[in-house]
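I would like the entire structure built from these sequences, with the hints used as guidance.
For the protein sequence lines, the chains are U and S, in the order given. At position 65 of the first sequence (counting the first as 1) the number is 66 in the numbering used here, and the numbers step up by one without a gap. At position 125 of the second sequence (counting the first as 1) the number is 167 in the numbering used here, and the numbers step up by one without a gap.
What the hints contain is simulated information worked out from the structure, not anything from laboratory work. Keep in mind it's a predicted model, so treat the numbers as computed, not measured. C-beta atoms are modelled at their ideal positions from N, C-alpha and C, and glycine is treated no differently. One or more hints might be untrue.
What the hints assert, rightly or not - What follows is a list of derived Cβ distance ranges for each label pair:
no., chain 1, residue 1, chain 2, residue 2, range
1, U, Ala-274, S, Arg-126, 31 to 41 Å
2, S, Thr-234, U, Thr-267, 51 to 61 Å
3, U, Val-321, S, Thr-88, 34 to 44 Å
4, S, Leu-161, U, Ala-282, 38 to 48 Å
As the list claims (entries may be wrong) - With the Cβ distance kept under 7 Å, some of the chain U side facing chain S (calculated, not the full set):
no., residue
5, Thr-235
6, Gly-309
7, Glu-337
8, Glu-351
9, Pro-355
What the hints assert, rightly or not - Some but not every residue of chain U turned toward chain S, in silico, with C-beta under 10 Å:
no., residue
10, Val-321
11, His-388
12, Val-389
13, Gly-466
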Amino acid sequence: MTLQRRLALTIVVAAVPIVAGLAWVRVAAGRHANEAAMRDLVLTRAAVIGREACEAAPQSLSVPFGAGARPPWMPHRRPGRTLPRLLRSHVYDDAFHATTPEAPPFPVALRRALERGGDAASQRRGLDGEAAGAKRVVYAVRTGWSPGPCAYVLVWRDGPPTLAPLRDWLVSLVPLVLGLVGAMWLASAPVVRRVRELAEAMRQSAASRYETPVPEAGRDEITGLARAFNDAGTEVREHLATVERRDRTLRDFLANTTHDVMIPLTVLQGHLAALERDAAATGRADRAALLAAMGEAHHIGSLLHNLGAVAKLESPEDLVQRHPVDLAALVERVVERHRPLARPAGIDIEFAVPEEPVTVSGDVTLLEQAVGNVVHNAVRYNRQGGHVAVVLEAGRPPDLWRLRVVDDGPGVAAEAIGRLSERRYRDDDARRREPNGTGLGLAIAREVADRHGLALRVRRVEPTGLEVEFAWPGERQ
Amino acid sequence: MSNELPRILLVEDDEALGCQVVQHLSAAGFPTRWITNGADALEVPTAEIGVLVLDLMLPGAHGFDILKRVRAESDVPVLILSARNETPDKVRALGLGADDYLTKPFWPDELVARVRARLRRPTLQRAATVVFGEAAIDLAARRVTVSESEVDLTRVEFDLLAALARRPGTAVSRAWLADHVLDPEREGGERTLDVHVSRLRRKLGAAGARIATVWGVGYRLDQGPRP
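Listed below in structure tokens is the structure:
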């Protein structure tokens, strides 16, 4: 339903009870006026006759109501309207007994009304035995001559077509209601037009991804609506930009990781093909090729876990969870994960954790991935006979901890240390400068450390090797 | 060494992976029963489970339900195999009483090491006497003997050996030892620690070789095979 139709309907629906109430008041007031007029008529007559004369011949008060007598409250004749006539009248004593034998008994309802203290009462009904629906009204009037035989008078009136004036009145109301509806229609038309224009402008703005704002002319509520829409549009635009930026980062990262995964996968395939060829020819497999294949498979798993970590770090919702993480258990898990790779390659990997528990609040998956990346690098770029040590040390108090991953592998050049420390995985150009994605794992470790308020430090170890340290608290704490 | 290794119940729905895990656990000496359906796993009497190795995403019943049921009745070690690498899964599993988890992909040796680690708990040696080679250390009485004869150790030397003996087979970092064993008033530093270790090794004779230097970490007491 349109706004205007709804308003019109509301006006009409609201008018019905109001008109009904007014009609009721009008009918009641009319009836009251008739009763008062009849009372005045009877009392005037009574004053002319006098109490004594009346009590001597009570019926004298009832005349001259005869057929054709016009009631006094209808002074104006209107064309086409039948005038009511006074039919007859009877006088009753203070016990409501008739003073003449032909008078009917006093109507009970009127008697009660007078007993309640009224001067006059009426009922829209004839006497018992008269035809139902006869348009007659009976008036009862107190004369004030009580006790005595002239205490009350009943007057019968041939009723006028009683609904006619009400109908006229109702008909006169119709133009008023129609006028109201029309005025509302005219007043709301510009509002409706502006709302429609605003809706159209909103649709166009949405189609332009909220780049074009809707016009904010005027100073009323519709302008407020337009302004609220523009504010919401700005927010949506900013949100879209954030989501798109993250989406782009993730897409780039996915593409880069796919590239990174394809390389070890290709190497793995090469090793497997060589192994198959050697096994077919000699019945034996080359152990070095097997080890390399294992390393590549491990590396692929690590890359895929890093992809999950970046998706989590880049998510618009904060997916980084905070739970107490047992660092000793974490260190043990990471070392045990890499031992099967290190041992056959002749690399010694060891760890130490303090007797007392060391706990940090953080996301166990991300922290494990961060430490795992560093250990993975230390193992992957080590050589036969090399060492990797993972040492968790609690300070005093024990929540001041540091976790060191040390190796005696070839390490990295001095000038690369700074770059490794500053690396962000988002800088994918920079990432490509490092061979084999070495820096990638460390960049993720750095991001994880940042998110957890940890310091991540990278140092060269003399004569060769690298030490990477996670420490709580970080510098900014 | 006793041959009575505990029975492992493996619940893993992937045929190829389950088959491989069974092979590797059996090769390591663990009698292993393998169930592919979660609902079936709920039927296994808890008393028959020595170690539970549990995948989470299972047909029939979720791994968490199996974990809850087992934990309601028993304290056996439970190792979760997590394919999704999702933090909530891990936190929930540990909260429900799992001892540890392993993220796929994992190496067979890694799984075996983790199962063994679960069986080794608690790490801290509760026994009053720790034997290594011909030597023995009585932690309560603060006595060290080599081939039944008592060895005279300084306080620092004894504390050093005791610190290692409380966690035999586990490396202890030099920083931790220096912190907890050396007298901070008189001698600090890890160099001093090395001096104490070499004196201690000398006093212990052949058993002194059981104190292994661990590169980049510190020292470790190797118990070796028990006599």
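Hints violated by the structure (numbers, ascending): Those not satisfied come down to hint 5.
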